[in-house]
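Residue numbers (numbering that gives the first Met the number 0), protein chains in the order written: chain A, 0 to 405; chain B, 0 to 405.
Some clues are possibly wrong.
Each pair may be met inside one copy or between any two copies, as identical chains are not told apart.
Said to hold, decoys possible - List time: in silico DSSO-like cross-link candidates among lysine-lysine, alpha-carbon distance up to 27 Å: (1) LYS166 <-> LYS5; (2) LYS55 <-> LYS297; (3) LYS363 <-> LYS299; (4) LYS55 <-> LYS299; (5) LYS55 <-> LYS291; (6) LYS291 <-> LYS345; (7) LYS402 <-> LYS291.
No wet-lab data here; the hints were simulated from the structure.
Number of protein chains: 2
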Amino acid sequence: MGFDFKQAVNSGLPAASQPWDGFPEFNFVGGNNDADSLPIDSIADACDRVLRREGKTLATYSLESGPQGYLPLREYLVSKLKKYSGIDCSASDILLTTGSLQGIDLINEALLKPGDCVIVEESNYGGVLSRLRRLDVEMIAIPVDQHGMSTDKLGETLQSLRQQGRKPAYLYSIPTVHNPTGTILTGERRQQLLDLATEYDVPVFEDECYADLVWSGERPAALYGMDTTSRVVHIGTFSKTIAPALRVGYIVAPWSLLGQLLSLKTDAGSGALEQMLLAEYCQEHFDTHLSKLNINLKAKLDTLTDAIDREFGTSAEYTVPPGGIFLWVKLPQGVDTSRLADVALKEGVALNPGSEWSLQSDSKRHLRLCFANPDADTINTGIAKLASICHREFGVPLTGSNKARS
Amino acid sequence: MGFDFKQAVNSGLPAASQPWDGFPEFNFVGGNNDADSLPIDSIADACDRVLRREGKTLATYSLESGPQGYLPLREYLVSKLKKYSGIDCSASDILLTTGSLQGIDLINEALLKPGDCVIVEESNYGGVLSRLRRLDVEMIAIPVDQHGMSTDKLGETLQSLRQQGRKPAYLYSIPTVHNPTGTILTGERRQQLLDLATEYDVPVFEDECYADLVWSGERPAALYGMDTTSRVVHIGTFSKTIAPALRVGYIVAPWSLLGQLLSLKTDAGSGALEQMLLAEYCQEHFDTHLSKLNINLKAKLDTLTDAIDREFGTSAEYTVPPGGIFLWVKLPQGVDTSRLADVALKEGVALNPGSEWSLQSDSKRHLRLCFANPDADTINTGIAKLASICHREFGVPLTGSNKARS
Numbered sequence: 000m001g002f003d004f005k006q007a008v009n010s011g012l013p014a015a016s017q018p019w020d021g022f023p024e025f026n027f028v029g030g031n032n033d034a035d036s037l038p039i040d041s042i043a044d045a046c047d048r049v050l051r052r053e054g055k056t057l058a059t060y061s062l063e064s065g066p067q068g069y070l071p072l073r074e075y076l077v078s079k080l081k082k083y084s085g086i087d088c089s090a091s092d093i094l095l096t097t098g099s100l101q102g103i104d105l106i107n108e109a110l111l112k113p114g115d116c117v118i119v120e121e122s123n124y125g126g127v128l129s130r131l132r133r134l135d136v137e138m139i140a141i142p143v144d145q146h147g148m149s150t151d152k153l154g155e156t157l158q159s160l161r162q163q164g165r166k167p168a169y170l171y172s173i174p175t176v177h178n179p180t181g182t183i184l185t186g187e188r189r190q191q192l193l194d195l196a197t198e199y200d201v202p203v204f205e206d207e208c209y210a211d212l213v214w215s216g217e218r219p220a221a222l223y224g225m226d227t228t229s230r231v232v233h234i235g236t237f238s239k240t241i242a243p244a245l246r247v248g249y250i251v252a253p254w255s256l257l258g259q260l261l262s263l264k265t266d267a268g269s270g271a272l273e274q275m276l277l278a279e280y281c282q283e284h285f286d287t288h289l290s291k292l293n294i295n296l297k298a299k300l301d302t303l304t305d306a307i308d309r310e311f312g313t314s315a316e317y318t319v320p321p322g323g324i325f326l327w328v329k330l331p332q333g334v335d336t337s338r339l340a341d342v343a344l345k346e347g348v349a350l351n352p353g354s355e356w357s358l359q360s361d362s363k364r365h366l367r368l369c370f371a372n373p374d375a376d377t378i379n380t381g382i383a384k385l386a387s388i389c390h391r392e393f394g395v396p397l398t399g400s401n402k403a404r405s
Numbered sequence: 000m001g002f003d004f005k006q007a008v009n010s011g012l013p014a015a016s017q018p019w020d021g022f023p024e025f026n027f028v029g030g031n032n033d034a035d036s037l038p039i040d041s042i043a044d045a046c047d048r049v050l051r052r053e054g055k056t057l058a059t060y061s062l063e064s065g066p067q068g069y070l071p072l073r074e075y076l077v078s079k080l081k082k083y084s085g086i087d088c089s090a091s092d093i094l095l096t097t098g099s100l101q102g103i104d105l106i107n108e109a110l111l112k113p114g115d116c117v118i119v120e121e122s123n124y125g126g127v128l129s130r131l132r133r134l135d136v137e138m139i140a141i142p143v144d145q146h147g148m149s150t151d152k153l154g155e156t157l158q159s160l161r162q163q164g165r166k167p168a169y170l171y172s173i174p175t176v177h178n179p180t181g182t183i184l185t186g187e188r189r190q191q192l193l194d195l196a197t198e199y200d201v202p203v204f205e206d207e208c209y210a211d212l213v214w215s216g217e218r219p220a221a222l223y224g225m226d227t228t229s230r231v232v233h234i235g236t237f238s239k240t241i242a243p244a245l246r247v248g249y250i251v252a253p254w255s256l257l258g259q260l261l262s263l264k265t266d267a268g269s270g271a272l273e274q275m276l277l278a279e280y281c282q283e284h285f286d287t288h289l290s291k292l293n294i295n296l297k298a299k300l301d302t303l304t305d306a307i308d309r310e311f312g313t314s315a316e317y318t319v320p321p322g323g324i325f326l327w328v329k330l331p332q333g334v335d336t337s338r339l340a341d342v343a344l345k346e347g348v349a350l351n352p353g354s355e356w357s358l359q360s361d362s363k364r365h366l367r368l369c370f371a372n373p374d375a376d377t378i379n380t381g382i383a384k385l386a387s388i389c390h391r392e393f394g395v396p397l398t399g400s401n402k403a404r405s
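Isolated chain A, as found in the complex (with noise of 0.2 Å):
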């Protein structure tokens, strides 16, 4: 008689998954990049040259670098925060994790338990909401404009909150290039953030994930950058600006927090190729890799947003985002993106629905479409296939390609 494990797991655990069938055809979800964006001549490069000359070290647990990750690639980033994110900092302040991803789990671990509250963006990235959901911690939401979080809205909070005895374990924001909505949260409104966390002592998380996939190139420095007072933990990856399949992400944080983080952390160390590979490649290339990629991510935004004007016409809302590698879509009254992404899936068009990616009262009428990987032709279909769909499940949009819908 076998063992029936399915009785003997933990309740209360998120629901078992299937077995992947492959890639959409359309696939506009989750964080992919362009393909033809990577130089992967450069990369087998710096690999095959990295490999030789330190390869034998991998025979120890974080070779010669300690815990915190590998060293060179952590003096890296102390000249790429520097000259990209205002940050003046130490390698001694970085610790390398497996994916951005990995941060969050520790600085979560080391900050929330059951019944904290967190201040967040209304909008949000869906896998904060789904982790802050599992941890039984409450979400306070921010609503978001086009100068990100409205820094008003998060006045009021703190003092509404300080009125009920109750003061949030974090600030969590992603403050340029926000996900979903793409928005960069201005100099002025960092500074009246950082002030209102100081007076109301509240930490605050910054998530810079896509910061650097600005097409300007310009941007304010980072929070972590303008704090004076040591209470913002910064995280950043090279998953959106390299590739994703490469799981490295870092975390700068005053040792108060990072060196209880680093015992946290008992992974016995990150993919250590992975971190040699990408200290030794973007030494001398990252900065003419990330404009290029810019180039080529603009494009494909101008080629989803003429495909969603030309397929959608008025019933399709946004703002066009100066950076990053989504579009956060709004539809009319009536069209639930769940169930449109649900139907869609079905035909081969994958979208994330804005119930999974926003606390916003309205977040079914919502969609986020990542653009970065599927080609012109790809996006272009795709987009016509969900018009197509969409007007038959909601009667919405009426017109597409300049035709009336029947």
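For chain A, the structure is supplied; the task is to place chain B on it using the hints.
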């Protein structure tokens, strides 16, 4: 005024880490491996080949393989597990993980809750003992002799638990090259263990991380391969056979458990480049590499036992292991290896004290020495130094290098 993260972190967390200040000169801790055995040219060749052929797929989370990990590596594992472990499985039964430690964490998250009890070998992997303590799970220890876990004692324990109305959440075993004792559970005892697990309806968690490191190449089939009741979950790794800094492990399990583990694995995939490299390298080179590695490890073990015999004489008791990278040593009554480890570390000699690696009542007389990483000179000098420190602190050994100690 600065923010005080030390006040903000949760209570009850492991103590914060201190900054790393380099490896000790005589390093016998952890599971570091033999750098000279690492065939870095063939590894670099394999890496270069797979990167130039398939590197563009790194632009997509989980490549083209889905969340269970790089398909060619899972396919290689199917053939390796059949050949080395007597396991008949398919690629869909395998989940690639970020080291086998992630496998342990996922399995624990699925199967354990505070207050549960589990059955473990009395001497054990420190990383498992510390995890179970943090999870507030009671460990019920079964003695290990030269044939592995005592199945007589296991039967008595299961019966006694049944009389108390208790059922272990799992039975954890390292049957092949046990950590730290190096013993191999005999084929007969394996069958007894499985029969008992079936009789008492307990799932079995088999950790085969060291199993390839058997000098003779001869070993019984894995429990997973012998089991006919779908009650075994099996983990393994490439850390001990290729390189520990490549964080690639795997879980083999029936889908009724694997699908649940997969939904708990919310890390957006494990490092893909390291999976690609291992698949490309191992298909061609694993068998010949393993033969050479085992010859080199055996030579280092001989160096270590010679050094211990010379420096500790009859003060050190051990059983020569048939494989692996560790020697488990027992010192005379009165020695406290936790204190010895503290004192020795200050003088550049690092070892794992028995109290972290065993639930035995005399655990503090034991110590674990990893012999794979230090070279012969380091082993000889380090053991001489250790014996001298031990004599100074505890009065034993009385002689060393055939001279009486003063």
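Inset, instruction - Up to 27 Å between alpha-carbons, please classify LYS55 paired with LYS297: within, between, both or neither. - result: Only across copies: LYS55 and LYS297 sit 20 Å apart there, 41 Å inside one copy, limit 27 Å.
Legend entry - Same-copy or cross-copy closeness of LYS291 to LYS345 [CA-CA at most 27 Å]: Neither, since 35 Å and 52 Å both go past 27 Å.
Inset, instruction - Indicate which option fits the pair LYS166, LYS5 if close means a Cα-Cα distance not exceeding 27 Å: within, between, both or neither. - result: Only across copies: LYS166 and LYS5 sit 16 Å apart there, 40 Å inside one copy, limit 27 Å.
Legend entry - Intra- versus inter-copy proximity for LYS291 and LYS402 (alpha-carbon distance at most 27 Å): neither (37 Å within a copy, 71 Å between copies)
Inset, instruction - If the cutoff is 27 Å on CA atoms, where do LYS55 and LYS291 land: within, between, both or neither? Let me know, please. - result: So LYS55 and LYS291 pass the 27 Å test across copies only (16 Å; inside, 34 Å).
Inset, instruction - Up to 27 Å between alpha-carbons, please classify LYS363 paired with LYS299: within, between, both or neither. - result: Within. Shortest intra-copy distance 25 Å satisfies the 27 Å Cα cut-off; inter-copy 64 Å does not.
Inset, instruction - Give the relationship of LYS55 and LYS299 under a CA distance limit of 27 Å: within one copy only, between copies only, both, or neither. - result: The answer is between: 18 Å across copies meets 27 Å, while 42 Å in one copy does not.
Hints 6 and 7 from the earlier list are contradicted by this structure; the remaining hints agree with it.
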